[in-house]
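K.L.:
Sequence:
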Amino acid sequence: MYDTTDTIAAIATPLGESGIGIIRISGSQAYAVGDAVFRSTSSVPLAQRRDRSIQYGTIVDDDGRPVDEVILLIMKGPHSYTAEDVLEIQCHGGRQSLESIMGLVLRHGARLANPGEFTQRAFVNGRIDLAQAEAVMDVIQAKSAKGLSRAVGQLEGRLSQVIGGMRKNLTDFITRLEVTVDYPEEDLEDIEIPDIAGALEDMEQQMDAMLAASVSGRMIRDGVMVAIAGTPNAGKSSLLNRLLDSERAIVTDVPGTTRDVIEEWISLQGVPICLVDTAGIRNTADTVEQIGVQKAQEYIDKADVVLAVVDQSRPLGEEEKAILQDVQGKKALLILNKTDLPAVVTEEEAGACGIPVVSISAETGAGMDVLKEKLLSLALQQGPDAGQSALLANTRHIELVRQSRAALQRALDTIHAQMPIDCAIVDIREAWEVLGSITGDTVHDDIVEEIFSRFCLGK
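Here the sequence shown is numbered in the numbering used here, starting from 31 and rising by one per residue.
The set of hints was computed from the structure by calculation and includes no laboratory data.
From the three backbone atoms N, C-alpha and C, an ideal C-beta is built for every residue, glycine too.
Treat the hints with care, as some may be off.
Now the in silico label distances, taken between C-beta atoms and shown as ranges [claimed, not checked]:
| id | residue 1 | residue 2 | range |
| --- | --- | --- | --- |
| 1 | Asp475 | Ser83 | 35 to 45 angstroms |
| 2 | Gln448 | Lys404 | 27 to 37 angstroms |
| 3 | Gly359 | Ile101 | 55 to 65 angstroms |
| 4 | Leu45 | Pro108 | 47 to 57 angstroms |
| 5 | Ser297 | Pro145 | 21 to 31 angstroms |
| 6 | Thr35 | Gln448 | 51 to 61 angstroms |
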């Protein structure tokens, strides 16, 4: 069982040169540690000073010599981030100042916090649940405005409320079914079980909708990987530069200029996009270029969306046709590039492969707005706002909802087959327990430890 009786401390800001650095202390001895290192014009102990107040003074070493001029923030439990007594020391952001003060804090009774331990204490002390705790890191690591908005929604408890409602309903179903088992003489089965089966089917549909939206939610959280593929000199690097609005990739008339992959991030309407410019795909005897072609194929396989770039000013060759065949069945757009040159390949001819076609000129920028719109629509399925309301984006949460839905399906199969209702109760209880792992109500300690180990130090 996790022990919260000791007092923890950590530097909560990145080490380096900055205007301010913060050291966070949490626990029953937080103010005693502060009294040992802090001096101000007041002699009142920190524990007796006003909650949520700012104190100005100096940190001194063991010999009473000034270390740094600081301000302290006093936040008394349970109305603090960890629900414990919290003291934050704001000093100058130099590495030496932070490390010197941190050393003093540790010598006077605090221990170094583990990664994520402040948030873990907030969870253990009941201020937030596990889904909200995981949202803290999503807020910190958000790659876009939409990703931040979704993470803040989870931090405020949107997912927890939905999961809590489901578990409450499942508790009611279990209770009602157990009544039919314990009191068979009351003849309640014909009245209760059909109603419960219908309610379980409604919950399955709700889970299906959540899982369908999770695709967009995951992409808004983690980003959309877009592989730019094609033959040499199709204009892949020019397209990358146009999307980035900068000369990131080298562009020449020499085929095979790009030998390795180039990854760059952009944001389209608040959605993070990882653009991957790959080597031109062709048969080659060049060993280095062969490696680049192999990497290009690997990125095509794992990308969320593939932009298959074709030079419309020259006829489709066997290599182009092979690439288009390779992306069949994937989320892909066929990019007819170089519309500033006379057309040899028409949109009708290109569209015969069954992949949506967008005509552009990476040289002039023509057609880029249409490309961006179709790229987002294809990536997020239902348009750029599809993931905004998605409750599921965390891989752990998605898998747990899948497991819970499978348990509900087993319970329904049992009910429809008119098997003993005890079997259905077992599966419904499993669905209830699995959903509880999302919010932490039924999660094992080792899973909790593993989740918080991914957090940064000081959070």
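K.L.:
It remains to establish, for every hint, whether it holds in the given structure.
P.N.:
Each hint, compared with the structure:
no.	hint	in the structure
1	Asp475 x Ser83: 35 to 45 angstroms	holds (36 angstroms)
2	Gln448 x Lys404: 27 to 37 angstroms	violated (51 angstroms)
3	Gly359 x Ile101: 55 to 65 angstroms	holds (60 angstroms)
4	Leu45 x Pro108: 47 to 57 angstroms	violated (31 angstroms)
5	Ser297 x Pro145: 21 to 31 angstroms	holds (28 angstroms)
6	Thr35 x Gln448: 51 to 61 angstroms	holds (54 angstroms)
Hint check: violations occur at hints 2 and 4; the rest are consistent with the structure.
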